[in-house]
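Engineer: The lines below spell out each chain.
2 protein chains.
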Amino acid sequence: MASMMLSDCASSTATTAARILPFTGRPRTQLGLIKFHKFLDRVNFRLSIPKLPNFTVQSIQACTADTTGITSNETSVKVIDGKAVAKKIREEITAEVSQMRDAIGVVPGLAVILVGDRKDSATYVRNKKKACEDVGIASYEVRLPEESTEQEVLKFISDFNDDPLVHGILVQLPLPSHMNEQNILNAVSIEKDVDGFHPLNIGRLAMRGRDPMFVPCTPKGCIELLHRYGIGIKGKRAVVIGRSNIVGMPAALLLQREDATVSIVHSRTINPEEITRQADIIISAVGQPNMVRGSWIKPGAVIIDVGINPVEDATSPRGYRLVGDVCYEEACKVASAITPVPGGVGPMTIAMLLSNTLTSAKRAHNFG
Amino acid sequence: MASMMLSDCASSTATTAARILPFTGRPRTQLGLIKFHKFLDRVNFRLSIPKLPNFTVQSIQACTADTTGITSNETSVKVIDGKAVAKKIREEITAEVSQMRDAIGVVPGLAVILVGDRKDSATYVRNKKKACEDVGIASYEVRLPEESTEQEVLKFISDFNDDPLVHGILVQLPLPSHMNEQNILNAVSIEKDVDGFHPLNIGRLAMRGRDPMFVPCTPKGCIELLHRYGIGIKGKRAVVIGRSNIVGMPAALLLQREDATVSIVHSRTINPEEITRQADIIISAVGQPNMVRGSWIKPGAVIIDVGINPVEDATSPRGYRLVGDVCYEEACKVASAITPVPGGVGPMTIAMLLSNTLTSAKRAHNFG
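For the protein sequence lines, the chains are A and B, in the order given. According to numbering that gives the first Met the number 0, the stretch in the first sequence is residues 0 to 367, in order. According to numbering that gives the first Met the number 0, the stretch in the second sequence is residues 0 to 367, in order.
Keep in mind the hints are simulated off the structure, nothing from the lab. Any given hint could turn out to be false.
[Unchecked claim] Straight-line distance between alpha carbons at most 25 angstroms, and here's what the computed SDA-like set of lysine to any residue pairs gives:
1) K233/B <-> Q277/A
2) K297/B <-> G234/A
3) K233/A <-> E273/B
4) K297/B <-> K86/A
5) K297/A <-> E273/B
6) K297/A <-> R267/B
7) K297/B <-> S120/A
8) K118/A <-> D312/A
9) K233/A <-> E272/B
10) K297/A <-> E272/B
11) K233/B <-> I269/A
12) K361/B <-> N182/A
13) K118/B <-> P341/B
14) K86/A <-> S120/A
15) K361/B <-> N126/B
16) K361/A <-> N182/B
[Said to hold, decoys possible] Covered, in the sense of this in silico footprint (three residues per stretch, anywhere, with C-beta under 8 angstroms from a C-beta of chain B), are these stretches of chain A:
17) 87–93
18) 122–130
19) 189–202
20) 249–258
Values in this document were obtained by computation on a predicted structure and should not be read as measured data. The beta-carbon is built from N, C-alpha and C at its ideal position, and this holds for glycine as well.
With the hints as constraints, model all of the structure from the sequences given.
Structural biologist: And the structure:
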């Protein structure tokens, strides 16, 4: 099943536009190389789609490895292996969970609330449950029918808030359209908001001298990849492409906390290529297949590509393949390091969710 | 009295390093043109000074209007008259307050808590009280002795939180060193946090689709000046110099909300001059006299100078004068518009505090 290949961003919301369009079995539009301005603001738009089972495959010109305007990098590019890093992190979490259980008899617990029957949401929830099992975190799942009331969902959240066995609560988005998503998310206790999307968390992330309870999973995964590959951030020029609440904005705040000089490029930016070309570190999270070309990249830059965009591919048995926001072939000629798609940032998101759940349990029990 | 000339930033904290050093009657150091890196992180540092009565006058080379490296602006510079704009805003507030009183019998109220006997803090509180009186806002002042306990302060905050006559609460900073400032500020009800410094407010300011209850006064004043002078923000390149919680960071978030492409320059930025020179709009809030030279400015850029730095001036009867972060004489040759110091951003801070208090009262009484 196609959607098995995709991982959603943090609890719920897809990172990129392309991941979140409905799957119609045929390309929605012949987009060609899609215009920057039109697409960059779509990042969050899954939230407004009520009930769509899967995603759309985009039709797009292949990234042709055009070298016009590219100053070639002299050394070979390092591929940042998110899959391997995520595996390592899951092993570390497994060890810590086991140590905690042995020492104080506490098992970290993650509760997931799923409302309705979206297939992609069901897949995301199943993946999270499986990931929890693998590291020894207990998972608690509540499935409610599409026609449930807001009050019913709030009641479950309230129960999980009070339940000492639960250290993290996720509400799988999108919710049915008759529910007020903001009300529901605000009801999750700040101590259990392992997604880190609560405004209080974001405020603390933005402020010097304050610390968030949790850092949102996908941006946390991006920074973790830089750390694990020994890539310095302090004093570096960083450009974040996309300003969504779930990836772009918190990624920019995290880079700033680590003393990078950060610029945010978005749908209203004039000449995004020029600004991006100044960056030592690029984090792209817009859901625009192959938007960032080789000519956008400074030689030796490090690229973290958050986009996971299915595009048409007649040579694939599935009829599509996944590409990032960055034209990988061109970027490899210029960058010093790059995350592939798939296998880059994607696997990090669930690893960070497990990490946040463990952190929450340790904090609740004053352990470690 | 020297400190009468200064206005503090929002409730409490001075915007700039130079404003907040102790007044010793002689220059602390012969700084010359002070190094960027050393000073840029001092912005918040008044918070850590326990009891210093006034401020230090810095010794600094005058900004010499050196034209080396400056591409001169062909048209004449527009001086952004913050004093006049603030006066206009106070008149508008006066009219609204009067209208509200006549219509529903409600007078907006601002409570200020002052602990200890710092002369500068007393002056700031007096200025705020006077500004309230002038527009018809009721002010409630609590003065507590230096040796008061945190619990006593918290009790007053709690009473004001519950008092329907009070729509805004300010705790004048810095607090005595035996008090936990974060605990005290967090106790102010989010509905009455007219400073807008609560992390929940900052989080909402950062997030798309969310709105803060209040916008911090000084950054709000900067954006208001741009609006009142008809200076477009959308699509512009903006550079904010300084990343303090009270000015730089929220100013960057505000510019981003208005669709500027924002970069934040700070103490760890390498080559801040190069980045600043790309900006159509510069907001500087670092407390470093004359740091931004003409050569840092793109011809035609708009400059909002938040710094208010007293520097030695033997020709002045007081022995000092106030300058901004930007070398005004040089900037006037390059920029299209600039705020002077004094008379630029300074008067806007209290005007925005009054505006936030009125907004709070209107919201509490569902008026207008």
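Engineer: Now look at each hint and say whether the structure bears it out.
Structural biologist: Checked hints:
The suggested pairing of K233/B with Q277/A holds, with an alpha-carbon distance near 21 angstroms, which does not exceed 25 angstroms. For the hint linking K297/B to G234/A, the alpha-carbon distance of about 23 angstroms falls within 25 angstroms, and the restraint holds. Between K233/A and E273/B the CA atoms are separated by roughly 18 angstroms; this keeps the pair inside 25 angstroms, and the hint holds. With a C-alpha separation of about 48 angstroms, the suggested pairing of K297/B with K86/A is violated against the 25 angstroms cut-off.
Using a Cα cut-off of 25 angstroms, the hinted pair K297/A and E273/B holds, with the two alpha carbons roughly 16 angstroms apart. Only pairs whose Cα atoms come within 25 angstroms are accepted, and K297/A paired with R267/B is accepted, the gap being roughly 20 angstroms. For the suggested pair K297/B and S120/A, the alpha carbons sit about 49 angstroms apart, so the restraint of at most 25 angstroms is broken. At roughly 23 angstroms between alpha-carbon atoms, K118/A and D312/A fall within 25 angstroms of each other, so this suggested pair holds.
Distance hint between K233/A and E272/B is fulfilled; the C-alpha atoms sit about 18 angstroms from each other, no more than 25 angstroms. Proposed proximity of K297/A and E272/B is supported: the alpha carbons are some 19 angstroms apart, at most 25 angstroms. Annotation: proposed proximity of K233/B to I269/A holds, straight-line Cα distance about 10 angstroms (limit 25 angstroms). Of the pairs offered as hints, the one joining K361/B and N182/A holds, with about 24 angstroms between alpha carbons and a cut-off of 25 angstroms not exceeded.
Distance hint between K118/B and P341/B is fulfilled; the C-alpha atoms sit about 21 angstroms from each other, no more than 25 angstroms. Taken as a hint, the K86/A and S120/A pair is honoured in the structure, with Cα atoms around 23 angstroms apart against an allowance of 25 angstroms. About 23 angstroms separates the Cα atoms of K361/B and N126/B, which keeps this hinted pair within 25 angstroms; it holds. Proposed proximity of K361/A and N182/B is supported: the alpha carbons are some 24 angstroms apart, at most 25 angstroms.
Given a C-beta distance limit of less than 8 angstroms, the hint that chain B covers the region 87–93 of chain A is violated, as 0 residues qualify and 3 are needed. For the region 122–130 of chain A, the proposed coverage by chain B is not satisfied: 0 residues have a C-beta within less than 8 angstroms of a C-beta in that chain, short of the threshold of three. Counting residues of the region 189–202 of chain A whose CB falls under 8 angstroms from any CB of chain B gives 6; the rule of at least 3 is met. Only when three residues or more bring their CB closer than 8 angstroms to a CB of chain B does the claim for the region 249–258 of chain A stand; here the count is 3, and the claim holds.
Violation of the numbered hints given earlier is confined to hints 4, 7, 17 and 18; the remaining hints are satisfied by the structure.
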